[in-house]
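*Asks:* The chain contents come next:
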Amino acid sequence: MSEYLCMESSQVAIKDQEILLETLKEFGFDKNKIEIHENAVELHGYRGDERIQKAHIIIRKRYLSSASNDIGFEKKEDGTYKVWVSDFDRNRGFGQQVWSKQFFQGYAKKVVEKWGQKHKATIKCQKEKKKLKLTLRL
Amino acid sequence: MPEREKEAEVDLEALTIEFLPDGNILFPKDPRLLTLAEALGAESVCSKIREGEKTKFLMGGRLCG
Numbered sequence: 009m010s011e012y013l014c015m016e017s018s019q020v021a022i023k024d025q026e027i028l029l030e031t032l033k034e035f036g037f038d039k040n041k042i043e044i045h046e047n048a049v050e051l052h053g054y055r056g057d058e059r060i061q062k063a064h065i066i067i068r069k070r071y072l073s074s075a076s077n078d079i080g081f082e083k084k085e086d087g088t089y090k091v092w093v094s095d096f097d098r099n100r101g102f103g104q105q106v107w108s109k110q111f112f113q114g115y116a117k118k119v120v121e122k123w124g125q126k127h128k129a130t131i132k133c134q135k136e137k138k139k140l141k142l143t144l145r146l
Numbered sequence: 029m030p031e032r033e034k035e036a037e038v039d040l041e042a043l044t045i046e047f048l049p050d051g052n053i054l055f056p057k058d059p060r061l062l063t064l065a066e067a068l069g070a071e072s073v074c075s076k077i078r079e080g081e082k083t084k085f086l087m088g089g090r091l092c093g
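Chains as they are written, first to last, in my numbering: chain A, 9 to 146; chain B, 29 to 93.
Hints are supplied without guarantee of correctness; some may be wrong.
Claimed, not checked - Here are the simulated EDC-like pairs of lysine to aspartate or glutamate, each with C-alpha atoms no more than 20 Å apart in a straight line:
#1 K122/A to D50/B
#2 K137/A to D50/B
#3 K90/A to E66/B
#4 K83/A to E71/B
#5 K118/A to E30/A
#6 K118/A to D95/A
#7 K126/A to D50/B
#8 K109/A to D95/A
#9 K141/A to E79/B
#10 K83/A to E79/B
#11 K23/A to E66/B
#12 K137/A to E71/B
#13 K84/A to E66/B
#14 K62/A to D24/A
#15 K76/B to E46/B
#16 K118/A to E66/B
#17 K141/A to D50/B
#18 K117/A to E46/B
To be verified - Using C-beta positions, here's what the derived DEER-type ranges look like:
#19 P49/B to R145/A: 40 to 50 Å
#20 E71/B to G56/A: 17 to 27 Å
#21 R59/A to R78/B: 34 to 44 Å
#22 E79/B to D57/A: 41 to 51 Å
#23 E71/B to L146/A: 17 to 27 Å
#24 R70/A to E71/B: 15 to 25 Å
#25 D50/B to S74/A: 25 to 35 Å
#26 K128/A to E66/B: 31 to 41 Å
Because the hints were derived from the structure by calculation, they are not lab data. By construction, the Cβ of each residue, glycine as well, lies at the ideal position given by its N, Cα and C atoms.
Chain A with its partners taken away, still in its complex shape (with noise of 0.2 Å):
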């Protein structure tokens, strides 16, 4: 038996912009309702106003609810994404399920599978109560 680490869904660093796009697509945001910028642009407030936050991918708050604000990712230098979720939307919403871990754990899964692909490896996926278990056979 390996021995497990347990890994904070804080630790996952979103860099794959494919997988992370096949994420927002699982969560009920396909490519019409997602900009995408090559340099980073400003998310607006629900009032519409400019906010100082840029990113470089973007669901709109038409897309969320009337009193919501853009959802940003902004990719940094280092390649990683950084998540802007206001104050607000990190309570309901998609906004809670970004801040709750779950859109982590999503994105997380695509990447075990790409890298499963990628190394020839059969996975087997199995849900356990409330558990998924994702088994690499290499």
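Chain B: place on chain A using the hints.
*Replies:* Frame of chain A, contents of chain B only:
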């Protein structure tokens, strides 16, 4: 059991990654998954895997944190 046999046994072993309901992930401390931990950007996990290479056949159970 001789070390070579132990190694062969470990190579056949399936590696299970568990996605827990609290949002955390249980990840095998196995050098074969180092590049996966890197792809996940989990630096501290990568360090622990690297540290664990020399003693991989001696460890068992689970370490959390």
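*Asks:* All hints are to be evaluated individually against the structure, with a verdict given for each.
*Replies:* The hints, checked one at a time:
At roughly 23 Å between alpha-carbon atoms, K122/A and D50/B are farther apart than 20 Å, so this suggested pair is violated. Of the pairs offered as hints, the one joining K137/A and D50/B holds, with about 13 Å between alpha carbons and a cut-off of 20 Å not exceeded. Note on K90/A and E66/B: the hinted pairing holds, with a Cα-Cα distance of about 17 Å set against a maximum of 20 Å. Annotation: proposed proximity of K83/A to E71/B holds, straight-line Cα distance about 18 Å (limit 20 Å).
This hinted pair checks out: K118/A and E30/A have alpha carbons roughly 8 Å apart, not beyond 20 Å. A distance of roughly 27 Å separates the Cα atoms of K118/A and D95/A; the hinted pair therefore is violated under the 20 Å criterion. Note on K126/A and D50/B: the hinted pairing is violated, with a Cα-Cα distance of about 28 Å set against a maximum of 20 Å. For a cut-off of 20 Å, the pair hint linking K109/A to D95/A stands: about 15 Å separates their Cα positions.
The straight-line distance between the Cα atoms of K141/A and E79/B is roughly 25 Å, outside the 20 Å bound, and the hint therefore fails. The suggested pairing of K83/A with E79/B is violated, with an alpha-carbon distance near 30 Å, which exceeds 20 Å. For the given pair, K23/A sits about 11 Å from E66/B by alpha-carbon distance, which is consistent with the 20 Å threshold. With a C-alpha separation of about 29 Å, the suggested pair K137/A and E71/B falls outside the 20 Å cut-off, and the hint is violated.
Among the hinted pairs, K84/A with E66/B is consistent with the structure: their alpha-carbon atoms are about 17 Å apart, no more than 20 Å. Between K62/A and D24/A the alpha-carbon distance is near 19 Å, which keeps this suggested pair within the 20 Å criterion. Taking the CA atoms of K76/B and E46/B, the gap is near 18 Å; set against the 20 Å cutoff, the hint holds. Under the criterion of a C-alpha separation no larger than 20 Å, the hint pairing K118/A with E66/B is consistent with the structure, at around 14 Å.
Note on K141/A and D50/B: the hinted pairing holds, with a Cα-Cα distance of about 14 Å set against a maximum of 20 Å. Taking the CA atoms of K117/A and E46/B, the gap is about 10 Å. The hint holds against a cut of 20 Å. Our hint of 40 to 50 Å for P49/B and R145/A is violated, since their Cβ atoms are close to 25 Å apart. Between E71/B and G56/A the beta carbons are some 39 Å apart, a value that contradicts the proposed interval 17 to 27 Å.
Judged by the Cβ atoms, the range 34 to 44 Å given for R59/A and R78/B holds: they are separated by roughly 40 Å. Our hint of 41 to 51 Å for E79/B and D57/A holds, since their Cβ atoms are close to 49 Å apart. In this structure the hint that E71/B and L146/A lie 17 to 27 Å apart at CB holds, the actual value being about 23 Å. A hinted range of 15 to 25 Å is violated for the C-beta pair R70/A and E71/B, which are about 37 Å apart.
D50/B and S74/A have their C-beta atoms about 31 Å apart, which keeps the hinted 25 to 35 Å range intact. Remark: the range hint 31 to 41 Å for K128/A to E66/B is contradicted by a beta-carbon distance near 18 Å.
Checked against the numbered hints given earlier, this structure breaks hints 1, 6, 7, 9, 10, 12, 19, 20, 24 and 26; the rest are met.
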